[in-house]
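Since chain A is already given, all that's left is putting chain B on it; use the hints.
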Amino acid sequence: MGRSYIVEEDVEGYLSKLCSQLTGPVTGLLIGQSSVQRDFIVMATRTPQNESADAGKSVDKEWVSEHARQVSRMLPGGLSVLGVFMVSESDAKDTLTTLRQFLFSVENLISSEQLWMPAEDDVKDCVTLHINPKTRKTVCRTFDVKDPKSVAKPADWKYQSGVCSSWATVSCWLNIDLLVPLPGSITCTKPVDDCLKEELKVWAQQIERGVCLIEGKKLPEDSEIKTGQKKNVRQTYTAQLLITPDGQMVPDVVQQCGGSLSVRGAIHSRAFLHSNKPKAKLAEKLLKRDIISTVATRVQMLLEEPQTQTEENKERKQTEQFCLPRRVFCPVKATSPLCVCDYQFSDEGLSEMTDRFKEMLDIEATEADLDITQELIAEVIESDAKAESLTEEAEPPHPWRNNYIGVAMATAVALLASAASMLYLSDA
Amino acid sequence: GKRTTKKKNRKCFSSVLNFSLMTEVTKPGPLSAPILTKTVQRSHFLCATLQVDCVLSKRHLTSSLIKCLSHSESFLVWFCSGCGRLLEALTRQLFEMEKVFLQHMRGTMVLVPEPLHFLLPEPNGLVTVVFPRDLPDKELEAQRRELHKQFELPDDKPYFRRANTFHFPNEPYKDGYLRNPHAVLTHPALDNGKVYLVQGIYSYHHYMQDRMDDNGWGCAYRSLQTICSWFKQQGYVERCVPTHKEIQQALVDVGDKQASFVGSRQWIGSIEVQAVLDQLLGVTSKIMFVSQGSKLASKGRELANHFLSEGTPVMIGGGVLAHTILGVAWSETTGEIRYLILDPHYTGAEDLQVITDKGWCGWKGPDFWDQTAYYNLCLPQRPRVI
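Line by line, the protein sequences are chains A and B. Residue 412 in UniProt numbering sits at position 412 of the first sequence; the count goes up by one each step and never skips. Residue 315 in UniProt numbering sits at position 315 of the second sequence; the count goes up by one each step and never skips.
This is chain A alone, in the form it adopts within the complex (with noise of 0.2 Å):
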């Protein structure tokens, strides 16, 4: 009993024109989203032309990891890379072997990325495609990514029109503060980034046991997001996200420091479920790897800027402020809610963006098509920047608001009791 594989109409388009056009083997991604019953495939992509490797020879391994790295950055919420094809005359036992072996090291590569926890009911296979483009032969196996052992299993393509869309849409802004001392003797940035990194984990483990509401309500898990809406209409939802503070004492401390690093502002999250009836757990899962990816993908791109590496003493500034990449949309087809994004540097124009889209999605893209609403670019300024409120409260005044640098705010009294009225009524 293998996997099913519902497949979007314009996948086989893609594929077909790739058998016809007779430039050798060509590989490539696919993407979509996998569930315990299903899964979905809402698009492929070649890998892009290696221009620094010999003509002619066969795409190696590492190149379609990277290219996987990549477009994984670049897909929101509840998309993810779910295999790689092949179009090739080659033998299909050959072709399997190398498609397996590609496989697992898209699939390592990805996960090293990952910053927040796998989970228990994720599924752990992934999809090995190849085509013969002579016969047009289909050939479909999946693999268990997490097994270095496991063996192919057969598993069903069907194409079908209108995949890419019945999907609901969980979004939200979420703000971020961070901040993390620097150490005390050196100025050289590569603890720098160890330090962000360390107080990153910490950040998604936050998220993650983070308290998701959606439409404002807090739902059981299995239960299903319902707004009311008539079924064909476009499902969005609005989450929020309140966070506690981590229940074990972390031992305080004091120490000297060479200075601090702050990450403040807000990203735009969001997550795709496909389905009639979206489930809330699934909804909150897909939401929080969403926004903990979002801002992991940012600082790293940030990271490896050579802006922010080299140490040009011009004069030794107090503070530096770098902006972090902004998220742009771009939607996968004209008629579906789904959309793929990109970060854009203050230095770049969108021209780059549509040019990225079409290099690592192979997507014609126009600059108006581009959604760049959802995040406004971060300024410069030159003073400390105010505060961003946390809270929602209108009431005068807030001491607290004045930083003490480092000192954390932290509350150590038990959940909210929805039996509250019980307890109490009991009193009489």
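Don't take every hint at face value.
Claimed, not checked - Interface residues of chain A toward chain B, partial, derived using beta-carbon atoms under 10 Å:
no., residue
1, M117
2, L241
3, A266
4, S269
5, E379
Stated by the list, open to error - So the derived label-pair ranges between C-beta atoms look like this:
no., chain 1, residue 1, chain 2, residue 2, range
6, A, D246, B, D175, 54 to 60 Å
7, B, R85, A, Q256, 39 to 45 Å
8, A, R69, B, S57, 55 to 61 Å
9, A, E305, B, L102, 49 to 55 Å
10, B, D175, A, R69, 33 to 39 Å
11, B, S260, A, V254, 52 to 58 Å
12, A, K281, B, S57, 33 to 39 Å
These are calculated hints, taken from the structure and not from any lab test. Cβ atoms here follow ideal geometry from the backbone N, Cα and C, with glycine treated the same way.
Just chain B, lined up with the frame of chain A:
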């Protein structure tokens, strides 16, 4: 006897609602993308977890409004205004923590503040005080003196020692001993009689606890342990409840017994209990001698006075048994008397139901005592300190 619910003056604490403060990190957008700011500056980084803990009791809110609403409506009104008050209390507490922080900061050494709740006599009720977490009681005497002044409290009871923090009804005790098993009993209603009870909290110590098989000889030791637990939990001493060996060693140390006494199964009496309380806890005790058990019935006034002014558990030894007296019900006019007894001869588990049903903690009449045997009572005196 039949068990009832809490006494009237405890009703307001029978329902406790716990809240957790959460921070919403999402906001309506669109908003600005994040900025990474790197500041290079020699400085000190302080990271401390501040446990903020606020308590509100229903009486803090106006009751006149509540009276005219239905039960569920009044709950909602109370709840909503309660949340607002809780946030006000949170703000005030953070102010106080800031004060305590700055007060005790020496260079780069900081003391983290913590909130503690104390139940004061009416009209104060439950109050919350912020103390530096790692300072022991003896270094906070000045603060306590100020608090006594502020709340107009007498200078002879340690209301603000850490051991006296309010214990919420739904919080379990970590050490597993039962606390105040007598609290669930129905107290006898004598004609013109009043009930005089131990004041404060004690733990029930009895045979076979702590993996110590003292069945048949350890009853006085257990009664002594119960008394020691009272002094610890009211904040008079920091010393843990002594073991049988420690009790025996104390008696050797004061010269009352030979060295061979330690490790033996020899009984002790009220005099020894008095000596140990003095030696280990610095507590003095009065001894009351009763020549015949039948005469105990006439000691109503003295016992009542003891519970009024000292409020400590009383150890009584006589015949071949030792017990703990936790209170008396006594009528001045009729002379009728009942004794609230905590029996250290119990060998079972810490099961409140069994202990109260079977009378291991219960009210006894004057015929409980051996009418012909003589009895010695050890009445520990409460130190007059803050």
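Quick rundown of the hints versus the structure:
At about 19 Å, the closest approach between the beta carbon of M117/A and any beta carbon in chain B exceeds 10 Å, and the interface hint on this residue is violated. For L241/A, the suggested interface contact is upheld, since its CB lies about 5 Å from the closest CB of chain B, less than 10 Å. The restraint placing A266/A at the interface with chain B holds, with a minimum CB-CB distance near 3 Å, inside the 10 Å limit. At a threshold of 10 Å, the smallest CB-CB gap from S269/A to chain B is about 9 Å, leaving the interface hint in force.
A hinted interface residue such as E379/A counts as satisfied when its beta carbon comes closer than 10 Å to some beta carbon of chain B; here the least separation is about 7 Å, so the hint holds. Between D246/A and D175/B the Cβ separation comes to about 27 Å, which falls outside the hinted range of 54 to 60 Å. Checking the proposed 39 to 45 Å range against R85/B and Q256/A shows it holds: the Cβ atoms sit about 41 Å from each other. Our hint of 55 to 61 Å for R69/A and S57/B holds, since their Cβ atoms are close to 57 Å apart.
Roughly 41 Å separates the CB atoms of E305/A and L102/B, a value that falls outside the hinted 49 to 55 Å. Between D175/B and R69/A the beta carbon distance is about 54 Å. The supplied range of 33 to 39 Å is therefore violated. A hinted range of 52 to 58 Å for the beta carbons of S260/B and V254/A is consistent with their spacing of about 54 Å. For K281/A and S57/B, the Cβ-Cβ distance of about 38 Å falls inside the hinted range of 33 to 39 Å, so the restraint holds.
The structure fails to meet hints 1, 6, 9 and 10 from the earlier list, while all remaining hints are met.
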